[in-house]
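With these hints in hand, go ahead and build the complete structure from the sequences.
This note's numbering puts the first residue of the sequence shown at 35, with every later residue one more than the last.
Hints listed in this document are in silico derivations from the structure and should not be mistaken for laboratory results. Every value quoted in this text rests on a predicted model; they were computed, and no experiment measured them. Where hints are given, some of them may not hold.
Unchecked claim - Derived pair list, reagent style BS3-like, types lysine-lysine, alpha-carbon separation capped at 30 Å: (1) 163 / 118; (2) 102 / 118; (3) 102 / 163.
Unchecked claim - Here are the computed distance ranges between Cβ atoms for each label pair: (4) 226 / 161: 32 to 38 Å; (5) 227 / 97: 35 to 41 Å; (6) 171 / 130: 18 to 24 Å; (7) 97 / 58: 23 to 29 Å; (8) 138 / 103: 26 to 32 Å.
Yeah, the Cβ is synthetic: ideal placement off N, Cα and C, and Gly gets one too.
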Amino acid sequence: MGIVSPGFFGRPRRDDPGLPPGQYLTEGFPVLSAGPTPRIDPDEWEFTITTETGQVHRWSWTEFLALKQDDVSTDIHCVTSWSKLGTSWRGVSLDTLFESVESDCEFTMAHSYGGYTTNVPLDDLLGGKAWIAHEFDGEALEPAHGGPARLLVPHLYFWKSAKWVRGLEMLRQDEPGFWESNGYHMYGDPWREERYW
35 MGIVSPGFFG RPRRDDPGLP PGQYLTEGFP VLSAGPTPRI DPDEWEFTIT TETGQVHRWS
95 WTEFLALKQD DVSTDIHCVT SWSKLGTSWR GVSLDTLFES VESDCEFTMA HSYGGYTTNV
155 PLDDLLGGKA WIAHEFDGEA LEPAHGGPAR LLVPHLYFWK SAKWVRGLEM LRQDEPGFWE
215 SNGYHMYGDP WREERYW
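In structure tokens form, the structure reads like this:
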């Protein structure tokens, strides 16, 4: 089958005014990944934010779970054309994680266990727009969907919601991550169909 999981192959589209253009509604939760699924023991997991000066802010799994938790209900939209409406998540807002971070940078690079990267402007992570999620539908996030924790940026195409996230790196200028280097759009707004360059 190769390194691309079955969720990359689309299904017929349905017109629905509540969906972004070119999307179809799914009741399932397709699994998409560009490589093997990492298996990370929560006791060994950590999340970091590294500033442009090299300062590292670090949270262990225990410290992360002790932070204020948010329950989030949101729609998600994949660049491969499926959308899932009203999904339920639990996690820590990036606003909470950035409370003690000082940076003049406007861009970030998300880094995942397994080597995946994706770029996200800082403005798209703050203001109640993004979380580090560890539960889906009231259950611990499964490894296939990015567990133990993934980035959740629901207003952008879902490749920006990096699975198995391990940290954010602050950047002075925007740089492409994995899919952006392979032809995907640098920003990825589903309502503008920003799928590819």
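Here is how each hint holds up against the structure:
For the proposed pair residue 163 and residue 118, the alpha carbon gap of about 18 Å is at most 30 Å, so the pair holds. A hinted pair counts as satisfied when its Cα atoms are at most 30 Å apart, and residue 102 with residue 118 qualifies at roughly 26 Å. Between residue 102 and residue 163, the direct Cα distance comes to roughly 16 Å. Compliance with the 30 Å bound is thereby established for this hinted pair. Between residue 226 and residue 161 the C-beta distance comes to about 19 Å, which lies outside the given range of 32 to 38 Å.
For the hinted restraint 35 to 41 Å between residue 227 and residue 97, the CB-CB distance of approximately 39 Å keeps it satisfied. Between residue 171 and residue 130 the beta carbons are some 22 Å apart, a value that agrees with the proposed interval 18 to 24 Å. Our hint of 23 to 29 Å for residue 97 and residue 58 is violated, since their Cβ atoms are close to 40 Å apart. Here the CB-CB span from residue 138 to residue 103 is close to 29 Å, well matched to the stated 26 to 32 Å.
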